[in-house]
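Novice: The primary structure of each chain is shown beneath.
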Amino acid sequence: MSIKNYVTLEFPAVPENVEFARTAVACFASQINSFTLEEIDDIKLVVSEAISNTVLHSYGVSGGIVRLSAVRNDDTLCVTIEDFGKGIADVEQAKEPAFTTDPDRMGMGFTIMEALSDELRVSSVPGEGVKVEIRKSPHGTAKDSDEPEV
Amino acid sequence: MKIDVRVIGRVLVVGIFGELDLNTAPSFRDAVEEQLDSNPDINDILLIMRDVTFIDSSGLGVILGRYKRQRPHGGNVIVAAPSPQARKALELSGLAGIIPICDTEDEAWAKAVGV
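So the protein sequences, as listed, match chains H and B. So the first sequence is residues 0 to 149, counted in numbering that gives the first Met the number 0. So the second sequence is residues 0 to 114, counted in numbering that gives the first Met the number 0.
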């Protein structure tokens, strides 16, 4: 599988950049002509959830950096979102629906991300950050592989 | 994101235009809370979501939070005419199983006033 195109971005983990990140990835994803508009909307939602998680949970008041990369391998889009914050002690617990204590939060971010991705991987080392890898192909035609090619 | 807020009888009608996410959801929440605080007779909240071009769980969370506020007093949150993206997000999150989703504003209004 060959890399056709890629983009890497770094930006502060602030709410203003959530829209920027999802729009940038949607723009990149639209190079894969066979994605439908609904699938592009799905990609925007997945990226929005991932970046929002980083902004909300990864850093304290001092803030920090998000690194986003998007890679196009043939007709597969691979998006990796990394932060270098406090990390997640228990990734499986964090992925459970409604895992939140905030009454104005849904706690459904990971559930939505899993539902709309062909493949979603979340890894974390406490104290070092979180890495979210998303793979999506048009009409769910992702080819099996051990690692998203980034 | 822009919102249009009107109080009609005991119904707070909120038209939402644009994108609701982590950055814009606080403005939406504050505008609705201001109306609820200053109009204690408000029972139902009718959200017109035809022109919502994007919503994620930050926006959905604000809707859920207002549902939690109104429900103990017998009130409700009703969504009218959601855009396709908003409808999908409401369904994926499970919110569509909690609050009524109506295809038209007329249908939502009838539900709000109990016609």
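By construction, these hints were calculated from the structure, which means they are not laboratory data. For clarity, every value in this text was computed on a predicted model and none was experimentally measured. Misleading hints may appear alongside valid ones.
Said to hold, decoys possible - Straight line, CA to CA, 35 angstroms or less: simulated DSBU-like cross-link-like pairs of lysine-lysine:
(1) K67(B) / K87(B)
(2) K130(H) / K3(H)
(3) K94(H) / K87(B)
(4) K67(B) / K94(H)
(5) K3(H) / K1(B)
(6) K3(H) / K67(B)
(7) K130(H) / K110(B)
(8) K1(B) / K130(H)
(9) K85(H) / K87(B)
(10) K85(H) / K110(B)
(11) K87(B) / K130(H)
To be verified - Residues of chain H clear of chain B, computed beta-carbon distances all greater than 12 angstroms:
(12) D40
(13) A88
(14) A114
(15) E118
(16) R120
For each residue, glycine too, the CB sits at the ideal point set by N, CA and C.
Novice: Decide, hint by hint, whether the structure agrees.
Specialist: Hints versus structure:
no. : hint              : in the structure
1   : K67(B) / K87(B)   : holds, 21 angstroms
2   : K130(H) / K3(H)   : holds, 23 angstroms
3   : K94(H) / K87(B)   : holds, 20 angstroms
4   : K67(B) / K94(H)   : holds, 23 angstroms
5   : K3(H) / K1(B)     : violated, 39 angstroms
6   : K3(H) / K67(B)    : violated, 48 angstroms
7   : K130(H) / K110(B) : violated, 45 angstroms
8   : K1(B) / K130(H)   : holds, 33 angstroms
9   : K85(H) / K87(B)   : holds, 32 angstroms
10  : K85(H) / K110(B)  : violated, 46 angstroms
11  : K87(B) / K130(H)  : holds, 26 angstroms
12  : D40               : violated, 5 angstroms
13  : A88               : holds, 21 angstroms
14  : A114              : violated, 5 angstroms
15  : E118              : holds, 17 angstroms
16  : R120              : holds, 20 angstroms
Hint violations for this structure: numbers 5, 6, 7, 10, 12 and 14, all remaining hints satisfied.
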